[in-house]
Amino acid sequence: MIIVLVKKLGAISLFGLRVTGRMGVFLAMTLTYAITPPLKFSRVLQQIRFIGFQSTLVIFLTGAFTGLVLGFQGFYTLNRFGSTALLGPMVALALIKELGPVLSALMVTGRAGSAMTAEIGIMRITEQIDALKLMGLNPFRYLVVPRLLACIICLPLLSSIFNVVGIFGGYIIGVRVLGVGEGNYFEEMANYVEMKDILIGIYKSLSFGVLITWVCCYKGYYTEYGAEGVSKATTQAVVLSSVLILVWDYFMTSMLF
Amino acid sequence: MIKVEDLHKSFNGLEVLRGASFHVAKGELLALIGRSGYGKSVLLKHVPGLIRPDRGRVQVDGKDLGTLKGAELEKMRSRFGFVFQNGALFDSLTIFDNVAFPLKEKTNLSGTEIRKRVLSILDEVGLSGAENKYPAQISGGMVRRAALARSLVRNPEIMLFDEPTTGLDPIIGHAILNLIGSCHQRFEFTGILVTHEIPRAFEVVQKVAMLHEGKILMVASPQGILSSTDPIVHQFITGSIEGPIQYH
Numbered sequence: 011m012i013i014v015l016v017k018k019l020g021a022i023s024l025f026g027l028r029v030t031g032r033m034g035v036f037l038a039m040t041l042t043y044a045i046t047p048p049l050k051f052s053r054v055l056q057q058i059r060f061i062g063f064q065s066t067l068v069i070f071l072t073g074a075f076t077g078l079v080l081g082f083q084g085f086y087t088l089n090r091f092g093s094t095a096l097l098g099p100m101v102a103l104a105l106i107k108e109l110g111p112v113l114s115a116l117m118v119t120g121r122a123g124s125a126m127t128a129e130i131g132i133m134r135i136t137e138q139i140d141a142l143k144l145m146g147l148n149p150f151r152y153l154v155v156p157r158l159l160a161c162i163i164c165l166p167l168l169s170s171i172f173n174v175v176g177i178f179g180g181y182i183i184g185v186r187v188l189g190v191g192e193g194n195y196f197e198e199m200a201n202y203v204e205m206k207d208i209l210i211g212i213y214k215s216l217s218f219g220v221l222i223t224w225v226c227c228y229k230g231y232y233t234e235y236g237a238e239g240v241s242k243a244t245t246q247a248v249v250l251s252s253v254l255i256l257v258w259d260y261f262m263t264s265m266l267f
Numbered sequence: 002m003i004k005v006e007d008l009h010k011s012f013n014g015l016e017v018l019r020g021a022s023f024h025v026a027k028g029e030l031l032a033l034i035g036r037s038g039y040g041k042s043v044l045l046k047h048v049p050g051l052i053r054p055d056r057g058r059v060q061v062d063g064k065d066l067g068t069l070k071g072a073e074l075e076k077m078r079s080r081f082g083f084v085f086q087n088g089a090l091f092d093s094l095t096i097f098d099n100v101a102f103p104l105k106e107k108t109n110l111s112g113t114e115i116r117k118r119v120l121s122i123l124d125e126v127g128l129s130g131a132e133n134k135y136p137a138q139i140s141g142g143m144v145r146r147a148a149l150a151r152s153l154v155r156n157p158e159i160m161l162f163d164e165p166t167t168g169l170d171p172i173i174g175h176a177i178l179n180l181i182g183s184c185h186q187r188f189e190f191t192g193i194l195v196t197h198e199i200p201r202a203f204e205v206v207q208k209v210a211m212l213h214e215g216k217i218l219m220v221a222s223p224q225g226i227l228s229s230t231d232p233i234v235h236q237f238i239t240g241s242i243e244g245p246i247q248y249h
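From first to last, the protein sequence lines stand for chains A and B. Heads up: the first sequence begins at 11 in the numbering used here, then just goes up one per residue. Heads up: the second sequence begins at 2 in the numbering used here, then just goes up one per residue.
Keep in mind the hints are simulated off the structure, nothing from the lab. For clarity, every value in this text was computed on a predicted model and none was experimentally measured. Take these hints with a grain of salt, some might be off.
[To be verified] Straight-line C-alpha distance at most 16 Å; calculated EDC-like pairs for lysine to aspartate or glutamate:
{"id": "1", "chain 1": "B", "residue 1": "Lys76", "chain 2": "B", "residue 2": "Glu106"}
{"id": "2", "chain 1": "A", "residue 1": "Lys206", "chain 2": "A", "residue 2": "Glu108"}
{"id": "3", "chain 1": "B", "residue 1": "Lys64", "chain 2": "B", "residue 2": "Glu158"}
{"id": "4", "chain 1": "B", "residue 1": "Lys76", "chain 2": "A", "residue 2": "Asp140"}
{"id": "5", "chain 1": "A", "residue 1": "Lys50", "chain 2": "B", "residue 2": "Glu106"}
{"id": "6", "chain 1": "B", "residue 1": "Lys27", "chain 2": "B", "residue 2": "Asp62"}
Start from the sequences, fold in the hints, and give me the full structure.
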């Protein structure tokens with residue numbers, strides 16, 4: 011009984027090590043190809059359009075509603091302590107340091123990350139990746155690096171849009187609906203929000219960009235056969251990316267504070 | 002030109018190749034035959050290095066593919082053309098863009114020159130007029146023709162065909178084999194054709210190799226294979242149920 015248990019534990023550990031090693035090699039190869047020429051600029055632009063531009067609406071909507079909710083919650087919480095004048099900085103700091111980068115990364119994972127896994131996965135099972143190799147093209151350069159660069163460029167921008175829209179959402183509820191002074195909302199924000207806070211948000215967005223591409227492309231590249239394989243890979247990619255975003259956010263927050 | 006030596010390959014403990022060896026001379030087209038699901042495609046994919054062997058090696062012009070890496074391997078692979086079983090066309094591109102793709106990515110040809118070459122090769126494989134269609138909008142036979150055109154457009158020295166007639170009706174299958182034969186004469190490539198089209202495929206090849214139980218059982222001329230007295234080859238060629246090959 012104990013021997014069987016130890017054997018199973020050993021097998022699970024070996025499997026975990028193998029997957030971690032393979033993911034590590036995948037990331038190392040992607041980063042190496044990303045910093046060595048040639049670079050497919052047209053492919054990067056295509057991906058910026060897909061990952062960045064086409065995600066703007068969903069980022070706008072989630073940013074707006076997050077800001078509206080923060081306006082309400084922030085106002086009623088601060089009202090208990092008689093400090094509703096601090097609503098602006100509260101909304102801004104919550105968005106810039108945490109909610110903006112994390113929620114926009116989760117939205118991009120759901121919208122673009124899943125598509126990355128599915129597209130690369132289908133290319134894998136229909137031998138399109140092998141066809142690329144036989145044309146003398148490197149699939150990492152052609153499929154993964156453009157997505158990585160697009161994600162690194164787009165995530166901070168999308169997160170910034172999320173923040174700005176969210177701050178205006180908080181403004182509508184706080185100032186227009188609940189009567190916080192307009193001057194208070196923005197002036198206090200300018201007093202409390204520092205450059206360091208904005209940089210923390212940008213660093214987080216950049217690292218989430220790498221994380222999303224890494225997990226989603228890896229899952230697509232090593233997908234199992236058949237439609238079920240692609241479906242499984244897509245689900246795993248979204249779940250793993252989302253969990254890793256939250257875990258990595260915790261580590262970054264604890265390191266950067 | 003292509004030398005396959007003592008290839009061994011296992012997947013999850015299942016031995017697929019157990020020391021397969023053969024060679025293909027320059028300009029020669031070899032048919033690789035054998036039972037379904039017994040490693041012909043696996044063997045073919047070892048040739049351009051898409052699969053790495055557990056043991057043994059593949060040499061092209063004396064260069065061991067197993068020792069090539071990075072840019073050297075990419076350069077070697079660009080000498081190959083490969084027609085996959087299902088075509089492996091890029092489904093988000095039109096037939097024209099699929100065929101133009103390797104030229105756009107790997108050459109410095111102008112747009113006009115690429116267009117001229119693509120239209121010419123599409124005409125050669127009988128796909129004139131279908132250039133603006135997507136792979137999902139054309140028949141299986143047309144997909145194989147488009148895949149052949151995409152491979153031939155770069156004038157590769159070596160062409161590999163992985164069951165290019167599977168799933169096609171006998172007439173279209175025959176037409177595809179004739180097309181392969183005429184392209185072989187016109188482009189003078191060296192090639193390997195994995196096929197079950199016996200004896201039709203024998204009209205277009207110079208040599209036939211039979212894979213059996215992970216090894217090359219016999220390499221001979223098409224006529225030599227057809228007249229072979231080896232009981233395994235004979236049973237396979239005639240498709241007889243009785244004989245040394247046991248069907249499960």
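- [ ] Could you work out which earlier hints the structure fails to respect and list their numbers in ascending sequence?
- [x] none
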